[in-house]
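*Asks:* Sequence:
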Amino acid sequence: MENGKYTVNRDNIYVGKVVRTDRIYRHEGNAVFFHSKFGQLETGNWLSYRSMLFVPNEKKFSNDLLYQSPSYPILNITDDETCLNLGEKSVVIKEACNLALLLEYFGYDKILNFEDILRIRKNFFNGKFAMDNCELFGYKETKPEDLTYYKNGIEITDPRELKGVITQERKSQQAGHRSFTGVSEGILPREYWDVLNEMGDNDFMHAIEWHEKINAFAPHKQEGPIKKLAKI
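Those letters in the sequence shown? Residues 1 to 232, by the numbering used here.
Hints listed in this document are in silico derivations from the structure and should not be mistaken for laboratory results. Every residue gets a Cβ at the ideal spot worked out from N, C-alpha and C, and that includes glycine. Among the hints, erroneous ones may be present.
The list that follows gives simulated cross-link-like pairs (lysine to aspartate or glutamate, DMTMM-like), each with its CA atoms no further than 25 Å apart [said to hold, decoys possible]: (1) Lys151 with Glu161; (2) Lys228 with Asp79; (3) Lys228 with Glu115; (4) Lys143 with Asp158; (5) Lys37 with Glu115; (6) Lys213 with Asp194; (7) Lys143 with Glu198; (8) Lys128 with Glu161; (9) Lys143 with Asp194; (10) Lys122 with Glu135; (11) Lys110 with Glu81; (12) Lys231 with Glu2; (13) Lys213 with Glu223; (14) Lys110 with Asp22; (15) Lys213 with Asp203; (16) Lys110 with Glu58; (17) Lys128 with Glu81; (18) Lys59 with Asp22; (19) Lys227 with Asp80; (20) Lys89 with Asp22; (21) Lys128 with Glu185; (22) Lys60 with Asp79; (23) Lys5 with Glu223.
Derived Cβ-Cβ restraints for the label pairs, each shown as a range [claimed, not checked]: (24) Ile226 with Asn123: 46 to 56 Å; (25) Lys143 with Gln40: 13 to 23 Å; (26) Lys128 with Tyr105: 17 to 27 Å; (27) Lys128 with Ile187: 10 to 20 Å; (28) Asp194 with Lys60: 20 to 30 Å; (29) Arg160 with Gln40: 46 to 56 Å.
Start from the sequences and build out the full structure, keeping to the hints where you can.
*Replies:* See below:
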């Protein structure tokens, strides 16, 4: 997009990963490979640049809804032959996920503007939304007191020792190391669980530990000079 003066259809809004890769190929295996199914396009080794909220344009390339960025090919949305013929160090969008069901569930109108997109980015991609609403996606958070703890292969049963271990586990979860278990079919597709967690912001400790950006949507320096869209 050139500026923030736009409207988009809720059903056309996607999120995906902007990556640089030297190889694009068709996944021919029977098993699901990460997020790829049989016949879909996948990348070889890739370098992650950022997450992007976008709508496909008339050529089925990306229109960034937050920044004035280039229009990138979108794997499994853009024409397959176009993607397969890309050269070395190509920048593409992979793992594109349509957000229509999520947005409809939370009451977003059919036609959305820039201010709506800013709210979507802030509310759903803050790095905590999926975990704080895990039941919607068929997950349950595992509390420290729900776990069984062992020391030297023997279950800890002494109340005082157990209390200390649970306290340490609770501190670890409060620092961001939370644990979840799939328990049922969710109200919303489980795909959203992975997407919101993987493409949302990172807390400070995670960013330091894994050398990732806190702002998951901030453009990468190798994309060149890219400006934020201006508010209307």
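*Asks:* Determine for every hint whether it applies to the structure shown.
*Replies:* Okay, the hints, checked on the actual structure:
Proposed proximity of Lys151 and Glu161 is supported: the alpha carbons are some 10 Å apart, at most 25 Å. For the hint pairing Lys228 with Asp79, the CA-to-CA distance comes to about 28 Å; that exceeds 25 Å, so the pair is violated. Proximity of Lys228 to Glu115 is assessed by CA-CA distance (about 13 Å); at most 25 Å being required, the pair is judged to hold. Taking the CA atoms of Lys143 and Asp158, the gap is about 19 Å. The hint holds against a cut of 25 Å.
The straight-line distance between the Cα atoms of Lys37 and Glu115 is roughly 35 Å, outside the 25 Å bound, and the hint therefore fails. Our distance criterion of 25 Å between C-alpha atoms is met by Lys213 and Asp194, whose separation comes to about 18 Å. Annotation: proposed proximity of Lys143 to Glu198 holds, straight-line Cα distance about 22 Å (limit 25 Å). For a cut-off of 25 Å, the pair hint linking Lys128 to Glu161 is broken: about 31 Å separates their Cα positions.
Distance hint between Lys143 and Asp194 is fulfilled; the C-alpha atoms sit about 20 Å from each other, no more than 25 Å. A distance of roughly 20 Å separates the Cα atoms of Lys122 and Glu135; the hinted pair therefore holds under the 25 Å criterion. For a cut-off of 25 Å, the pair hint linking Lys110 to Glu81 is broken: about 32 Å separates their Cα positions. As the CA atoms of Lys231 and Glu2 are separated by approximately 12 Å, the hinted pair is consistent with the 25 Å bound.
Simply put, Lys213 and Glu223 have alpha-carbon atoms about 15 Å apart, close enough for the 25 Å limit, and the pair holds. Distance restraint check for Lys110 and Asp22: the Cα-Cα separation of roughly 38 Å exceeds the 25 Å cut-off, and the hinted pair is therefore not satisfied. Using a Cα cut-off of 25 Å, the hinted pair Lys213 and Asp203 holds, with the two alpha carbons roughly 9 Å apart. For the suggested pair Lys110 and Glu58, the alpha carbons sit about 19 Å apart, so the restraint of at most 25 Å is met.
Distance check on the hinted pair: Lys128 and Glu81 sit about 37 Å apart at the alpha-carbon level, beyond 25 Å; violated. Only pairs whose Cα atoms come within 25 Å are accepted, and Lys59 paired with Asp22 is accepted, the gap being roughly 22 Å. Proposed proximity of Lys227 and Asp80 is contradicted: the alpha carbons are some 29 Å apart, above 25 Å. Only pairs whose Cα atoms come within 25 Å are accepted, and Lys89 paired with Asp22 is accepted, the gap being roughly 5 Å.
The hinted pair formed by Lys128 and Glu185 meets the criterion: a straight-line CA distance of about 20 Å does not exceed 25 Å. With a C-alpha separation of about 8 Å, the suggested pair Lys60 and Asp79 falls inside the 25 Å cut-off, and the hint holds. At most 25 Å may separate the alpha-carbon atoms for a hinted pair to count; Lys5 and Glu223 meet this at roughly 23 Å. A hinted range of 46 to 56 Å is violated for the C-beta pair Ile226 and Asn123, which are about 23 Å apart.
Distance hint check: the CB atoms of Lys143 and Gln40 are about 38 Å apart, inconsistent with the given range 13 to 23 Å. The supplied range of 17 to 27 Å is met by Lys128 and Tyr105, whose beta-carbon atoms lie about 18 Å from each other. Here the CB-CB span from Lys128 to Ile187 is close to 19 Å, well matched to the stated 10 to 20 Å. For the pair Asp194 and Lys60, the supplied restraint of 20 to 30 Å holds, since their beta-carbon distance comes to about 23 Å.
Hint check: Arg160 to Gln40, Cβ distance near 54 Å, so the stated range 46 to 56 Å holds.
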